[in-house]
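Listed below are the residues making up each chain.
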Amino acid sequence: MSKIDWSKYAPLIALIVLVAISAMASEHFLAARNISNVLRQVSYTGIIALGMTFVIIAGGIDLSVGSMLALVGVLTVMILNAVGEGWFAVVLAIGAAIALGALFGLINGAIVTKGRVAAFIATLATMSIFRSLTLYISDAGEIVSTNQKYPDVGGGYFLSVPNPVWVFLSLAIIFHILLNHTAFGRHVCAIGSNATVSAYSAIKVKTIYLITFVITGATVGISAVMLSSRLNSVSPGDAGLFYELDVIAAVVIGGTSLAGGKGTIWGTVIGVIILGIINNMLNLLGVSAYLQGTVKGLVILVAVLAQYKQTR
Amino acid sequence: MKGVLKVITMSIILMMVPLTGMAADKYKIGVSVPSADHGWTAGLLWWAKKATDELAAKDSQLEFFVVAASSGTKQVGDVEDLMIKGINALVILPHNPATLQKVIEEAYAEGIYTVVVDRELANPAQDVFIAGDNPGLGRVGAEWLAKEMGDKGNIVVLEGMQIPINKQRVDAFNEVISKHSGINILDSQPADWSTQKALSVMENFLQKHKKIDAVWCQDDDMLKGVMQAIKESGRTDIKTVLGGAGSKDIIKMVIDGDPVVRATVTYSPSMIASGIALAVAGVKDETLGNLYHKPTRLILGAELVTKENAKDYYYPDSAY
Chain G
1 MSKIDWSKYA
11 PLIALIVLVA
21 ISAMASEHFL
31 AARNISNVLR
41 QVSYTGIIAL
51 GMTFVIIAGG
61 IDLSVGSMLA
71 LVGVLTVMIL
81 NAVGEGWFAV
91 VLAIGAAIAL
101 GALFGLINGA
111 IVTKGRVAAF
121 IATLATMSIF
131 RSLTLYISDA
141 GEIVSTNQKY
151 PDVGGGYFLS
161 VPNPVWVFLS
171 LAIIFHILLN
181 HTAFGRHVCA
191 IGSNATVSAY
201 SAIKVKTIYL
211 ITFVITGATV
221 GISAVMLSSR
231 LNSVSPGDAG
241 LFYELDVIAA
251 VVIGGTSLAG
261 GKGTIWGTVI
271 GVIILGIINN
281 MLNLLGVSAY
291 LQGTVKGLVI
301 LVAVLAQYKQ
311 TR
Chain Y
1 MKGVLKVITM
11 SIILMMVPLT
21 GMAADKYKIG
31 VSVPSADHGW
41 TAGLLWWAKK
51 ATDELAAKDS
61 QLEFFVVAAS
71 SGTKQVGDVE
81 DLMIKGINAL
91 VILPHNPATL
101 QKVIEEAYAE
111 GIYTVVVDRE
121 LANPAQDVFI
131 AGDNPGLGRV
141 GAEWLAKEMG
151 DKGNIVVLEG
161 MQIPINKQRV
171 DAFNEVISKH
181 SGINILDSQP
191 ADWSTQKALS
201 VMENFLQKHK
211 KIDAVWCQDD
221 DMLKGVMQAI
231 KESGRTDIKT
241 VLGGAGSKDI
251 IKMVIDGDPV
261 VRATVTYSPS
271 MIASGIALAV
281 AGVKDETLGN
291 LYHKPTRLIL
301 GAELVTKENA
311 KDYYYPDSAY
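Chains G and Y, in that order, are what the protein sequence lines are.
Going by full-length UniProt numbering, the first residue of the first sequence is number 1, and it counts up by one from there.
Going by full-length UniProt numbering, the first residue of the second sequence is number 1, and it counts up by one from there.
There could be a bad hint or two in this list.
[As the list claims (entries may be wrong)] The calculated lysine to any residue pairs, modelled on SDA-like cross-linking and capped at a C-alpha distance of 25 Å, are: (1) K197(Y) to S132(G); (2) K211(Y) to E175(Y); (3) K26(Y) to G286(G); (4) K85(Y) to S132(G); (5) K26(Y) to A23(G).
[Stated by the list, open to error] A partial selection of chain Y residues facing chain G, derived with a Cβ cut-off under 7 Å: (6) D81; (7) I84; (8) K211.
[Stated by the list, open to error] Non-contacting residues of chain Y with respect to chain G, defined by C-beta distances greater than 10 Å in every case (computed): (9) S35; (10) V66; (11) D78; (12) L82; (13) K102; (14) D151; (15) M161; (16) V176; (17) I185; (18) E232; (19) K252; (20) T287; (21) R297; (22) G301.
No lab work stands behind these hints: they were computed from the structure.
Glycine included, every Cβ here is placed at the ideal spot set by N, Cα and C.
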């Protein structure tokens with residue numbers, strides 16, 4: 001172990017540096033409540049980023065996740081309100097959310113694999129369709145949940161850690177195992193690095209590719225539950241807006257190559273947290289609201305450049 | 001592996017750098033607004049900065065934090081971050097009330113003096129609510145238009161974003177117009193308070209309707225798009241165009257005696273500045289000026305701005 005592949009650790013180093021700078025710059029940063037806030041704020045995009053990691057490693061992309069979140073969110077709260085009070089309704093709504101997310105993911109995947117449309121274009125189209133259906137179904141009005149138990153799902157705590165954070169971290173562990181220790185995970189990497197060779201090796205390229213979209217859809221469903229229950233409502237024009245950009249940025253900062261073939265779940269987790277800390281820091285430091293986008297963009301560039309410099 | 005360990009130890013040392021805690025006795029006031037997605041919200045941020053700068057210069061006990069969020073969900077995070085800073089008061093213009101409901105309730109429950117501006121929560125959780133008069137904006141506009149049109153003719157309407165305040169405005173407008181049987185509303189479509197959208201919606205209206213006497217577009221940003229569409233079409237049948245909110249460019253047109261744009265109705269983004277002033281009075285437990293009340297609900301009237309009084313509403317430095 002004399003030679004360390006530094007590029008592998010670039011995201012981790014970036015995170016450590018960022019935490020150190022933040023801790024020095026603001027007395028509030030390391031407060032337990034702030035840390036738990038940051039983690040909760042990032043968990044919604046974080047959960048989706050875990051699924052997106054599979055799609056990107058397999059050589060695809062999914063631009064529709066933000067709009068899909070709004071659509072699943074609106075439908076879920078509508079189902080919840082229709083079923084009524086109590087935990088049964090909540091469980092049913094959560095199940096419906098994951099199923100709907102997976103279904104929309106399946107639609108994306110089917111267009112890409114059966115229809116042979118490039119993932120960028122296919123999901124660009126469904127992004128527009130999902131958002132527009134959301135606005136149509138809800139008449140562009142905010143949908144508020146009437147179930148008294150629902151807010152406890154995303155707004156509650158377990159061992160003083162917010163529930164969405166538990167979900168995010170548990171999913172990260174499950175997906176890490178799925179990616180690194182199963183045949184499916186190896187196949188995802190294989191089709192991302194060379195689809196033709198994978199096909200000759202008897203890997204079902206299309207099926208594997210399709211499943212990555214279904215997984216991403218399911219994570220969108222979970223995220224929709226966490227977000228809509230935390231806020232006890234869904235705003236059709238606003239929920240998930242630009243999530244696709246934050247999600248893709250997090251995956252890329254985490255060291256997953258947009259060209260496909262390689263990437264890690266823990267890298268994505270770090271990428272997600274880095275983005276969250278940047279937002280949080282700029283607010284705590286009182287940086288002009290107009291300049292925050294510039295700072296965020298620069299940090300993304302620096303993080304990504306650092307990785308590519310190392311590999312060359 | 002050694003290198004990684006080194007990095008980790010370094011970071012632990014860095015994290016243990018003693019937290020410099022120096023908390024002077026200051027009143028901390030957080031201001032959370034939507035970021036500038038159209039002219040009015042740009043004006044909002046400008047007024048928030050103006051008020052915080054002026055108030056902080058006057059009173060060294062006051063410390064302000066102004067944050068702007070591009071979406072309702074992001075604004076929830078902004079409010080959480082402000083609470084971490086230990087604010088004593090929160091002035092918030094919620095992106096969309098239902099999304100922000102929970103987090104504002106949390107702030108209010110913690111004893112933070114809460115001022116909600118412009119967009120009302122379904123379940124009130126605030127010390128003071130301050131807003132413009134949305135039904136009034138529709139009513140005053142409708143009454144002025146009916147008078148200018150001599151009680152007859154065709155109107156097209158451009159609506160704002162599909163949120164409750166738009167509905168309040170349009171409903172009040174329609175109610176007044178329905179009392180004038182000679183006036184027809186030909187069409188009413190949303191253009192989201194955006195200049196660009198208003199341009200294309202108005203282009204469609206001009207294609208669809210051969211005779212239009214007046215346009216009501218509720219917002220001065222949209223009015224710019226409407227004027228551009230009319231200019232490009234070369235149509236001369238449109239005699240009156242009424243926007244609203246009172247942007248500096250449109251008030252300037254009123255002052256300069258534009259033949260078509262002769263009025264606007266106020267709905268000023270400066271309401272955030274007064275909201276901040278209310279929060280300052282609230283945290284210090286003072287009354288405003290010589291008022292005998294501590295008001296919990298303030299509605300700023302919708303004033304008709306015409307050539308006679310336009311100068312009083314003209315702020316050439318403002319962002320809106």
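Hints versus structure:
1. Between K197(Y) and S132(G) the alpha-carbon distance is near 17 Å, which keeps this suggested pair within the 25 Å criterion.
2. Note on K211(Y) and E175(Y): the hinted pairing holds, with a Cα-Cα distance of about 23 Å set against a maximum of 25 Å.
3. Restraint check for K26(Y) and G286(G): satisfied, since their Cα atoms lie roughly 16 Å apart, inside the 25 Å limit.
4. Restraint check for K85(Y) and S132(G): not satisfied, since their Cα atoms lie roughly 38 Å apart, outside the 25 Å limit.
5. Using a Cα cut-off of 25 Å, the hinted pair K26(Y) and A23(G) holds, with the two alpha carbons roughly 22 Å apart.
6. For D81(Y), the interface hint holds, since its Cβ comes within 7 Å of a Cβ in chain G; the closest pair sits about 4 Å apart.
7. A hinted interface residue such as I84(Y) counts as satisfied when its beta carbon comes closer than 7 Å to some beta carbon of chain G; here the least separation is about 5 Å, so the hint holds.
8. Hint status for K211(Y): violated, given a least beta-carbon distance of 31 Å to chain G, over 7 Å.
9. At roughly 6 Å from the closest C-beta of chain G, the C-beta of S35(Y) falls inside 10 Å, breaking its exclusion from the interface.
10. Look at V66(Y): its CB is around 7 Å from the nearest CB on chain G, not clear of 10 Å, so calling it non-interface is violated.
11. At roughly 6 Å from the closest C-beta of chain G, the C-beta of D78(Y) falls inside 10 Å, breaking its exclusion from the interface.
12. Once the 10 Å rule is applied to beta carbons, L82(Y) is inconsistent with being away from chain G; the minimum gap is 7 Å.
13. The beta carbon of K102(Y) is not kept farther than 10 Å from every beta carbon of chain G, the shortest such distance being approximately 6 Å.
14. Against the 10 Å criterion, D151(Y) stays outside the reach of chain G, whose nearest CB is about 33 Å from its own CB.
15. With 10 Å as the threshold on Cβ separation, the claim that M161(Y) sits away from chain G is violated: the shortest Cβ distance comes to roughly 7 Å.
16. The beta carbon of V176(Y) sits about 24 Å from the closest Cβ of chain G, which is more than 10 Å, so the claim that it is off the interface holds.
17. Distance to chain G confirms I185(Y) as a non-interface residue, since its nearest Cβ pair spans about 20 Å, more than 10 Å.
18. The Cβ of E232(Y) lies farther than 10 Å from every Cβ of chain G, with a closest approach of about 28 Å, so its non-interface assignment holds.
19. With a closest Cβ-Cβ approach of about 25 Å to chain G, K252(Y) is found to remain outside the 10 Å limit, as its non-interface label requires.
20. The beta carbon of T287(Y) sits about 30 Å from the closest Cβ of chain G, which is more than 10 Å, so the claim that it is off the interface holds.
21. Non-interface call for R297(Y) relative to chain G: holds, since the shortest CB-CB distance, roughly 22 Å, exceeds 10 Å.
22. No beta-carbon of chain G is positioned within 10 Å of the beta-carbon of G301(Y); the least distance is around 27 Å.
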